[in-house]
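> As you go down the protein sequences, you meet chains A and B in turn.
Position one of the first sequence corresponds to residue 1 (the working numbering), numbered consecutively onward.
Position one of the second sequence corresponds to residue 167 (the working numbering), numbered consecutively onward.
Please keep in mind that the hints were generated in silico from the structure rather than gathered at the bench.
Backbone N, C-alpha and C fix where the C-beta goes; we use that ideal spot for every residue, glycine too.
Please note that the accuracy of each hint is not assured.
Claimed, not checked - Taking lysine-lysine and the BS3-like style, the derived pairs with C-alpha atoms no more than 30 Å apart in a straight line are:
(1) K29(A) / K260(B)
(2) K371(B) / K33(A)
(3) K154(A) / K140(A)
Claimed, not checked - Chain B residues, not near chain A, derived (Cβ > 10 Å throughout):
(4) K220
(5) H225
(6) V261
(7) K290
(8) M329
(9) G350
(10) L358
(11) I407
(12) T455
(13) I456
(14) A472
(15) M483
(16) K488
(17) L499
(18) L509
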Amino acid sequence: MEKLIEQFSFGLFFWQLLLFIAVLILLRKFAWKPILDAVEDRESGIKDALAAAENAKKEMQNVTADSERLLQEARVEREAMIKEAREMKEKIVADAKELAQAEADKMIKQAQLAIESEKKAAVADIKNEVATLSLEIAEKVIREQFSDKAKQMKLVEEMIGDIKLN
Amino acid sequence: MHGFFETDILSDMQKPFYVKFLFVATLLLGINAFAQEKGHSSSGEKGSLKTEIKEFIGHHLLDSHDFTLFTIDEEKNEHVGFPLPVILWDNGLKVFSSSKFHHGESVAEVDGNYYALYHGKIVKTDAEGTINYDEDHHATNVKPLDFSITKNVVFIFLVSALMLFMFGRMAKSYKTSAMPKGIGRLLEPIILYIRDDIAIPNIGKKHYKKYMGYLLTVFFFIWIINLLGLTPLGVNVTNNIAVTFALAILTYLITTFTANKNYWKHIFWMPDVPVFMKVVLAPIELLGTIIKPFSLMIRLYANITAGHVVLMSILGMMFIFKNWIGSPLSFGLAFALSLLELLVAALQAYIFTMLSALYFGSAVEEHHDH
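If we strip away everything but chain A, and leave its shape as in the complex, we get (with noise of 0.2 Å):
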């Protein structure tokens, strides 16, 4: 220890501190400052970077989702609209079935109609041609009657028997 302090130079401390403060000062200002400025430059590049790579992979991931999404909900609706027309077109379908139904109903009722009518006329006529027919008739057995007893008997029966015909 005696030997440490009779060994110790003043001179040489003296220079090493001065040169020491200077190195640490000059150093300080134009190299680590700097260095370490840089590195954590380059650090937080780092990190940001790979942040924002991280964002966009959740960004894409988000994206395929919603176009996923989209794509179902478009999916729907197309079988939601398929079904809707599928439905429509039945309606249509059977609208018009029943529209026409009630068509031909009325019409086969007008056809019934008329056939009446036609057939009630048909009848009044046939009639009528009877009624004119017995005349007709009831003129020419008078007339035979007054030539031919036998012949007007043989006549009205031929007569009776052509009525039976028609």
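Got chain A sorted already, so can you dock chain B onto it with the hints?
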């Protein structure tokens, strides 16, 4: 054909190893021959060689006023190197070249004052260079305030310049690209390590930024200067208590001046303990604030000094053994130890930085309920 190809490659790969081995062996032989010659000159007396080695190690551990790369001849005072400026404060500033001392052989005369080198220190003396001793064999000569640019100061300057150059360039390279270039590729992971594994866990995310400058500077300073100590230049900066003291006092001052209320409260009036304990703990805690940086100072100093002493002793053993078994063995040991010292150089820098961060962390710790 295939086998031939393989052996060809093998021999190619082994060639550099043989070359290296031969090179090392030649070097070893050369040292051995040199040692034997030296042994002869000292008339085979082992004690004197041991003292010489001891002195050499002692000399290596001391700072010096000139830059000696190696000594050609101790007796003729022939050295290869260059002198350094001596700056003294002795009733006025005295600046002269250390060549005036002639490596401690002669007395330097400046403005009518005489100075001599005594155990690496400059003392004031008379024209003959008399050293006066007290009864404990301590020199009583006046020691003027010595601000000389010694060998260690030169290296502190060099490391400072190197750091400014290296990190300045590195900082500039970030202006053009976000990735480090050149030496920054090596340094950036270390800087990040200090930030993420030393500063943030010990100080906390909220406060660590203001300490980063000091932690980084102190880490790289200690590391680089420790590594330079392992080069053949023979410098040894961190084994000077003055250097480690300067670093430790900075840690102490930063801790003290950035400390918050909670820190002082834990020192002077420890919460959640009885009043009696509060009184007992206060001086202990206060002493602790000084012991912590003191331990930093001693740890760095002792580790580097011990490493150098052991390494040089093992190298010195090579010259003591002077045979084909002992000398290569001590060479191998010295090599292994050098590798260990490489680790220690970084480890001590790490420990100093880590503990400084720990102390800063305790200074800015927020109050929380125990």
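> Run the structure past the numbered hints and jot down the numbers of the failing ones, going up.
Going through the list in order, the structure violates hints 1, 8, 9, 10 and 11 and respects the others.
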